[in-house]
Structures are given as structure tokens and as C-alpha cells.
Amino acid sequence: MHGAGSPRETACSSDDLIELLFFAYRDFVGDPDRILAQYGFGRAHHRVLHFVDRYPGLTIAELLDILRITKQSLNRVLKDLIEQGYILQRTGTSDRRQRLLFCSGTGATLAAELTRVQARRLARALAMPGAAGASPEAFLLAMIEPDERAAVRRLMARRGQGTGETGGPLDAKVLGQDAA
Numbered sequence: 797m798h799g800a801g802s803p804r805e806t807a808c809s810s811d812d813l814i815e816l817l818f819f820a821y822r823d824f825v826g827d828p829d830r831i832l833a834q835y836g837f838g839r840a841h842h843r844v845l846h847f848v849d850r851y852p853g854l855t856i857a858e859l860l861d862i863l864r865i866t867k868q869s870l871n872r873v874l875k876d877l878i879e880q881g882y883i884l885q886r887t888g889t890s891d892r893r894q895r896l897l898f899c900s901g902t903g904a905t906l907a908a909e910l911t912r913v914q915a916r917r918l919a920r921a922l923a924m925p926g927a928a929g930a931s932p933e934a935f936l937l938a939m940i941e942p943d944e945r946a947a948v949r950r951l952m953a954r955r956g957q958g959t960g961e962t963g964g965p966l967d968a969k970v971l972g973q974d975a976a
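Counting in the numbering used here, the sequence shown runs from 797 upward without gaps.
One or more hints might be untrue.
Across the chosen pairs, the derived CB separations fall in these ranges [claimed, not checked]:
#	residue 1	residue 2	range
1	A833	E879	14 to 24 Å
2	G853	R949	43 to 53 Å
3	T887	A833	29 to 39 Å
4	Y851	V913	19 to 29 Å
5	I865	D823	18 to 28 Å
6	S869	R912	21 to 31 Å
7	G956	Y851	42 to 52 Å
8	E909	F818	20 to 30 Å
9	S890	Q834	36 to 46 Å
10	G888	R949	51 to 61 Å
11	Y835	D811	28 to 38 Å
12	T887	G826	33 to 43 Å
13	P852	R893	17 to 27 Å
Bear in mind the hints are in silico, worked out from the structure with no lab data behind them. C-beta atoms are modelled at their ideal positions from N, C-alpha and C, and glycine is treated no differently.
Please build the complete structure, drawing on both the sequences and the hints.
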């Protein structure tokens, strides 16, 4: 990683943070992605479950504001979750046009399982020596799968070199490509 001395080094540090954030996010959402795939769900389903579980009685309008997605996108995801029994929809008591959203028991269980795997990743990252109170780079690197950290470092070291060559199978894995 780059130091924070000169303006050039600061810009490089921002580049490092941005790249590390991409890789950390990929792995952070990858854990629940694998669970969701077993149900035929994706990340949009996860987001809806997350917020409905934490804010029972959330309205459709509030959920749209939180997620910043189109009504059409939300309706597709909600339809899946409601039809499969993960989300319950009730009519508002004061305004009968409102639709209030709640997790069913199975929805709450799935939301808890998804939170558990993400909380475990965060706890592991925070437990890494120096990650909790040190640099943002150290924390983000700790969020990345341990067996992929060296490949991420190699990839980031190549930034701006314009070689166009890959560094091997792990680098391909980090880039989301098959190593074969």
C-alpha cells in the first residue's frame, strides 16, 4: 500500500482504498450470496429481507427510499418473497392504501442466518492484529478471503503499469474468472 505523504501518495492511497473496498464488498456479500442461491434469491432479496426484518411494519414507500430502486424492481423481489412465505404484507390501519411489510418466521430465520455470516466476517476482520484500530486499508484487507489477499496485493501493485498480463491462477480467481 502507499504512504500518505505527498499528494501523489495520497491519491494512490485513495485508489488502494477504493480497490480494497471493491474486494472486501465482494467477499462480504459473497457469503450470503451462496446461501441465497440455494433459495433462488439474489442480493435484492437480501436487502429487502434485511430492512423488513429490522423495521417491522415498513411501508413500500419507505423501503423504496431506503433501497433507492424502482418500484418495478421492488415489486418483482417482493412478489418472490411474499409468494414463498418469507415476507408478510398487511394493510395499514390508518391508511388502508398502505402496505406494511413484516418478516414471517422463516423470513426472520433466513435474515438472521445471512446476518450471522456477515457478522462472522466482520468479527474475524476486527480480530486481525492491527485491523480494528489501525488503517482502513488493514481492515479492508482483513475483510478479503485470506487465501486471496496476496493475489489482491499483486494485482494492486500492477495498477498503472499497463502490462496487460495476468499474474497466475490466483489473480484470475481474484478477478472473478475461472483459473482453468
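- Message: Within 36 to 46 Å: is that where the Cβ-Cβ distance between S890 and Q834 falls?
- Response: Holds, at about 39 Å.
- Task: Could you see if the CB distance from Y851 to V913 stays within 19 to 29 Å?
- Result: 21 Å, holds
- Given the range 51 to 61 Å, decide if the beta-carbon distance of G888 to R949 lies inside it. 52 Å, holds
- Does the Cβ distance between P852 and R893 fall inside 17 to 27 Å? Holds, at about 19 Å.
- Task: Evaluate the given range 18 to 28 Å for the C-beta pair formed by I865 and D823.
- Result: Holds, at about 23 Å.
- Message: Tell me if the beta carbons of T887 and A833 are separated by a distance inside 29 to 39 Å.
- Response: Holds - the Cβ-Cβ distance for T887 and A833, about 33 Å, lies within 29 to 39 Å.
- Message: A range of 43 to 53 Å was offered for this pair. Does it hold for the Cβ distance of G853 and R949?
- Response: 46 Å, holds
- Kindly confirm whether 20 to 30 Å is satisfied by the beta carbon distance between E909 and F818. 25 Å, holds
- Message: For the hint 33 to 43 Å, verify it against the beta carbon of T887 and that of G826.
- Response: 37 Å, holds
- Query: For the pair Y835 and D811, does the Cβ-Cβ distance stay inside 28 to 38 Å?
  - Reply: Between Y835 and D811, where Cβ atoms are some 37 Å apart, the hint holds.
- Message: Taking 21 to 31 Å as the stated bounds, is the beta-carbon spacing between S869 and R912 within them?
- Response: 26 Å, holds
- Item | Cβ separation of G956 and Y851, checked against the hinted range 42 to 52 Å | 44 Å, holds
Violated hints for the displayed structure: none, as all numbered hints are satisfied.
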